[in-house]
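Peer 1: What follows is the residue order along each chain.
There are 2 protein chains.
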Amino acid sequence: MLSKSQISLVKSLHQKKYRKEEQLFIVEGLKSIFEFLNSPYVLHTIYATSDIFPKLANLSHKQKKIEVSDNDLLKISTLQHPQGIVAIFEIPKNKYFNHMEIDEMTIVLDGIQDPGNLGTIIRTADWFGFKHIICSENTVEVYNPKVVQATMGSLSRIQIHYQSLIDLLKSSSLPKFGTLLQGNNLYETTWPKTGFLVFGSEGNGISEEILQIITHPLTIPGSGNTESLNVAMSAAICMSEIQRNILK
Amino acid sequence: MLSKSQISLVKSLHQKKYRKEEQLFIVEGLKSIFEFLNSPYVLHTIYATSDIFPKLANLSHKQKKIEVSDNDLLKISTLQHPQGIVAIFEIPKNKYFNHMEIDEMTIVLDGIQDPGNLGTIIRTADWFGFKHIICSENTVEVYNPKVVQATMGSLSRIQIHYQSLIDLLKSSSLPKFGTLLQGNNLYETTWPKTGFLVFGSEGNGISEEILQIITHPLTIPGSGNTESLNVAMSAAICMSEIQRNILK
Chain A
5 MLSKSQISLV
15 KSLHQKKYRK
25 EEQLFIVEGL
35 KSIFEFLNSP
45 YVLHTIYATS
55 DIFPKLANLS
65 HKQKKIEVSD
75 NDLLKISTLQ
85 HPQGIVAIFE
95 IPKNKYFNHM
105 EIDEMTIVLD
115 GIQDPGNLGT
125 IIRTADWFGF
135 KHIICSENTV
145 EVYNPKVVQA
155 TMGSLSRIQI
165 HYQSLIDLLK
175 SSSLPKFGTL
185 LQGNNLYETT
195 WPKTGFLVFG
205 SEGNGISEEI
215 LQIITHPLTI
225 PGSGNTESLN
235 VAMSAAICMS
245 EIQRNILK
Chain P
5 MLSKSQISLV
15 KSLHQKKYRK
25 EEQLFIVEGL
35 KSIFEFLNSP
45 YVLHTIYATS
55 DIFPKLANLS
65 HKQKKIEVSD
75 NDLLKISTLQ
85 HPQGIVAIFE
95 IPKNKYFNHM
105 EIDEMTIVLD
115 GIQDPGNLGT
125 IIRTADWFGF
135 KHIICSENTV
145 EVYNPKVVQA
155 TMGSLSRIQI
165 HYQSLIDLLK
175 SSSLPKFGTL
185 LQGNNLYETT
195 WPKTGFLVFG
205 SEGNGISEEI
215 LQIITHPLTI
225 PGSGNTESLN
235 VAMSAAICMS
245 EIQRNILK
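In order, the protein sequence lines correspond to chains A and P. With this note's numbering as the guide, the letters of the first sequence map in order to residues 5 to 252. With this note's numbering as the guide, the letters of the second sequence map in order to residues 5 to 252.
Honestly, I wouldn't trust all of these hints.
Identical copies look the same in the list; a pair holds intra-copy or inter-copy alike.
[Claimed, not checked] Pairs of lysine to any residue residues, derived as SDA-like cross-links and limited to a Cα-Cα distance of at most 25 Å, are as follows:
| # | residue 1 | residue 2 |
| --- | --- | --- |
| 1 | LYS252 | GLU231 |
| 2 | LYS35 | GLN186 |
| 3 | LYS35 | SER205 |
| 4 | LYS59 | ASN208 |
| 5 | LYS150 | LEU83 |
| 6 | LYS180 | GLN117 |
| 7 | LYS69 | GLN19 |
| 8 | LYS150 | GLN27 |
| 9 | LYS15 | THR53 |
| 10 | LYS35 | GLY226 |
| 11 | LYS135 | GLY33 |
| 12 | LYS69 | LEU83 |
| 13 | LYS69 | SER7 |
| 14 | LYS252 | THR223 |
| 15 | LYS35 | SER232 |
| 16 | LYS197 | SER227 |
| 17 | LYS174 | GLN216 |
| 18 | LYS35 | GLY209 |
| 19 | LYS79 | TYR22 |
| 20 | LYS135 | SER232 |
| 21 | LYS150 | ILE106 |
| 22 | LYS135 | GLU105 |
No wet-lab data here; the hints were simulated from the structure.
Please work from the sequences and hints to get the whole structure.
Peer 2: Structure, rendered in structure tokens:
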């Protein structure tokens with residue numbers, strides 16, 4: 005059985021305030037947890053119910069595995085339908101991305117608010133083999149359980165950097181692409197090997213100060229029936245275009 | 005003030021069972037509601053709070069507009085953050101798509117379960133100007149409030165057909181594309197003017213019986229890091245490829 009204080013620690017991590025204080029976050033589901041275990045992320049504790057616990061037999065982290073009742077797992081899970089296993093990992097120190105280390109077209113997110121959108125963008129970036137995503141400081145926190153869940157383990161492989169976008173982008177002379185309602189035809193874009201590709205927030209698009217330093221405005225040609233595409237869809241379409249260009 | 009029976013009617017429509025019984029569904033938000041009003045959908049009633057109600061002044065549906073208190077709106081809304089306006093529209097009769105009426109590459113969904121995914125696919129299809137989406141009978145119901153919300157009004161412009169996919173696809177000699185883990189390179193695909201493009205469910209992909217009649221299996225080339233892409237992302241990427249081909 006879990007002690008009250010153990011339950012209260014994990015439950016506190018449902019909230020941003022305590023994730024920040026403890027520098028810990030939650031991952032759920034066996035597949036995702038194994039992907040984090042096979043990554044540089046540092047495990048704090050795994051809690052699993054009796055049907056899942058035997059699957060952890062090969063893990064060396066003996067002192068960090070705790071078998072719990074279904075009822076206790078229900079208490080600590082963030083999910084409506086818990087998957088029998090909850091793990092806590094350490095939040096790594098935020099590392100600023102230096103424009104000198106760029107070696108790919110690099111995704112930049114300017115104020116994404118929806119956890120599902122951020123999570124899916126990370127998952128799609130992983131599919132296409134991107135290594136970094138740079139987030140403005142007002143982008144939703146990547147260790148929000150809904151973001152982690154939506155990445156389906158991909159967060160363990162993509163480096164996420166929170167920092168001032170204006171400082172980063174101004175320090176680089178590389179092309180800065182951005183998706184807008186009025187830009188050049190995406191399908192006629194020639195992609196450089198390195199550069200930045202900025203996506204704006206769900207409600208407001210790219211912020212005013214970043215707009216001013218976009219060198220290559222892009223538009224995904226549409227029918228004109230609807231005002232906008234969901235940002236995760238725009239990101240998927242653009243990442244696919246970059247991939248298409250790399251494979252050419 | 006709304007009567008108890010009015011409140012209970014709208015609240016019942018949060019559930020599939022009663023939507024089916026009443027043949028009514030809910031749309032929320034001024035922008036989406038106006039898009040449905042400008043479409044063949046038939047209005048049943050609009051409920052709006054005092055700050056939104058004046059914006060309905062130009063509507064001719066006098067008998068169908070009801071001003072409600074914030075508190076009553078909260079009761080009938082399906083949203084965590086209601087937008088001051090809830091409308092009920094009639095569910096149109098499901099119309100089978102006949103393979104003879106095909107005039108575009110046509111999206112087919114085989115068992116999509118997540119309302120957000122279905123909604124976003126509809127929104128993306130609208131962006132690119134697709135007119136029809138065909139859903140297997142086990143696809144999530146399109147009048148689920150979460151689907152309607154995620155379409156952001158696009159549902160008012162896209163015709164959705166629920167029917168047996170096997171009957172439809174077997175009756176047509178046109179190419180049947182499908183996204184799989186092992187298929188031909190998406191970027192090397194030559195798209196015909198008409199044909200079907202099938203996407204499978206989140207958990208299981210395309211069902212066994214449909215797989216057997218796919219003539220053109222496709223794969224979105226990835227890095228191999230992650231097992232799968234979210235189906236709404238795959239759909240967005242493929243629809244963009246079709247658009248690219250049309251514009252060529």
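Peer 1: When Cα atoms must be at most 25 Å apart, do LYS35 and GLY226 count as within-copy, between-copy, both, or neither?
Peer 2: between (37 Å within a copy, 19 Å between copies)
Peer 1: At most 25 Å between alpha carbons: which applies to LYS135 and GLU105, within, between, both or neither?
Peer 2: within (12 Å within a copy, 45 Å between copies)
Peer 1: With 25 Å as the alpha-carbon cut-off, assign the pair LYS35 and GLN186 to within, between, both or neither.
Peer 2: between (41 Å within a copy, 21 Å between copies)
Peer 1: How do LYS15 and THR53 come out at 25 Å by Cα distance, when the copy is not named: within, between, both, or neither?
Peer 2: Within. Shortest intra-copy distance 17 Å satisfies the 25 Å Cα cut-off; inter-copy 37 Å does not.
Peer 1: Cα distance capped at 25 Å. Does LYS150 pair with GLN27 within a copy, between copies, both, or neither?
Peer 2: Classified as within: same-chain Cα gap 17 Å, cross-chain 33 Å, threshold 25 Å.
Peer 1: Evaluate LYS252 and GLU231 at a C-alpha cut-off of 25 Å and name the case that applies: within, between, both or neither.
Peer 2: between (32 Å within a copy, 23 Å between copies)
Peer 1: Should LYS79 paired with TYR22 be assigned to within, between, both, or neither, using CA atoms and 25 Å as the limit?
Peer 2: Within. Shortest intra-copy distance 17 Å satisfies the 25 Å Cα cut-off; inter-copy 32 Å does not.
Peer 1: How do LYS174 and GLN216 come out at 25 Å by Cα distance, when the copy is not named: within, between, both, or neither?
Peer 2: within (10 Å within a copy, 53 Å between copies)
Peer 1: Is it within, between, both or neither when you check LYS35 against SER205 at 25 Å Cα-Cα?
Peer 2: Answer is between; shortest inter-copy Cα gap is 19 Å, intra-copy 30 Å.
Peer 1: Go through the copies and call it for LYS150 and LEU83: within, between, both or neither, with a Cα cutoff of 25 Å.
Peer 2: Both, since 9 Å and 18 Å are each at most 25 Å.
Peer 1: My question is about LYS252 and THR223: at a cut-off of 25 Å on alpha-carbon distance, are they close within one copy, between copies, both, or neither?
Peer 2: Both. Shortest intra-copy (21 Å) and inter-copy (16 Å) distances satisfy the 25 Å Cα cut-off.
Peer 1: Is it within, between, both, or neither for LYS69 and GLN19, if the alpha carbons may be no more than 25 Å apart?
Peer 2: within (23 Å within a copy, 41 Å between copies)
Checked against the numbered hints given earlier, the structure breaks only hint 21 and satisfies all the rest.
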